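Line order of the protein sequences matches chains A and B. Read in this note's numbering, the first sequence has 48 at position 48, and its numbers run on one by one without any break. Read in this note's numbering, the second sequence has 28 at position 28, and its numbers run on one by one without any break.
Honestly, the hints are just simulated from the structure, not real lab data. Predicted, not measured: the structure shown is a model, and the values here were computed from it. We put the beta carbon where it would ideally sit given N, CA and C, even for glycine. The reader is advised that the hints may include incorrect statements.
As the list claims (entries may be wrong) - If the Cβ cut is set under 8 Å, some of the chain B residues that face chain A in the computed set are:
{"hint": "1", "residue": "Ala-17"}
{"hint": "2", "residue": "Phe-21"}
{"hint": "3", "residue": "Asp-23"}
{"hint": "4", "residue": "Ala-66"}
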Amino acid sequence: MRNYENLVIVKPTLTAEEIQASVKAIEEVITSNGGEIIATSPMGMRKLAYPIEKNERGFYHVIYSSIAPSAITEIERRFRINEELLRFVTIKYDTNREIAAFNGMVEKAKKAAEAPAKVETPAVEEAPTEVQTEAPAVETAAPAATEAAAE
Amino acid sequence: MAEKRKYKKRYCKYCEAKVDFMDYKDAGALRFSLSERYKIMPRRLTGNCKRHQDMISIVIKRARAAALVPYTVTRKQVVVAPFENLK
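Construct the entire structure; sequences and hints are all you get.
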C-alpha cells in the first residue's frame, strides 16, 4: 500500500446535493478498489485558472488515501469514464520526506474537518469564540459545502 | 566587456526558509517563481538553487494540470490582477 493524493474537480453545473453525491461516488470507487481513505478536504467551489470544457468554475475536492499501486490504473480508468469530473490529479507520496509532508497535510485536513463539526454539535454559546481563534481560512469554504448539503 | 547584470544574483529563498516540500495546492506560494505571464522564472533571475528549482518546476506543472495556475495568459488577462480568486 502506498500513499496517494487524489485531487478531483467536479462540474459546477450540478446542484450542491448532486456534487456531494458524486464526491461520495468517487470515494466509493477508491474504497471498492481496495483503497483506504485517510482524510478528505473539500477546497470548495473556486475559479479555474483556465476554462475546462467551457466551465469557468469547479468544485475542488482532495482525497488522501493509501492504495495498492496496481489499483491506480483501474481507479483512473473509472475517473475518466465519469462525466461529472472535469479533471483529476493523482499524486504519489513515496520518499520519506514526501511521506512526512503527506502526514502533515492529512492532520491539517482532519483538523479542518473537525472544526466545523465542533461548531455544529456543542452549545451555540461556545461556538463564536472558538471559530474566531482556531479556524481561519478553511472555515469559510468548508461549512458552505456542508450547510448546502444539509439543506 | 561584460554586460552589467539586470538582476542582482541572490541567495536561494527556499534554502533560507529550509523548504523540504512544496504543496502544489498552495498556488499563492508558487507566485514567487512565476513571471507575470505565468512562465516559470529561470534560476538566474530568482536565485533559486538547483534542488529547489527542480522541486518548484515539478510543483508548478502539477498546479497547472489541476487548473490552479494557468498555462498561458493572453494580453487581456495580464492586466487583471493575478490570483484574484485567492483571498
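Checked hints:
The criterion of a C-beta within 8 Å of any C-beta in chain A is not met by Ala-17 of chain B, whose closest approach is roughly 15 Å, and the hint is violated. Checking Phe-21 of chain B against chain A by beta carbon gives a least distance of about 4 Å; that is within 8 Å, so the hint holds. With 8 Å as the threshold, the beta carbon of Asp-23 of chain B comes within range of chain A, its nearest partner Cβ sitting at about 7 Å, so the hint holds. Taken as an interface hint, Ala-66 of chain B checks out: its beta carbon lies about 5 Å from the nearest beta carbon of chain A, inside 8 Å.
This entry does not satisfy hint 1, going by the numbered hints stated previously; all others are met.
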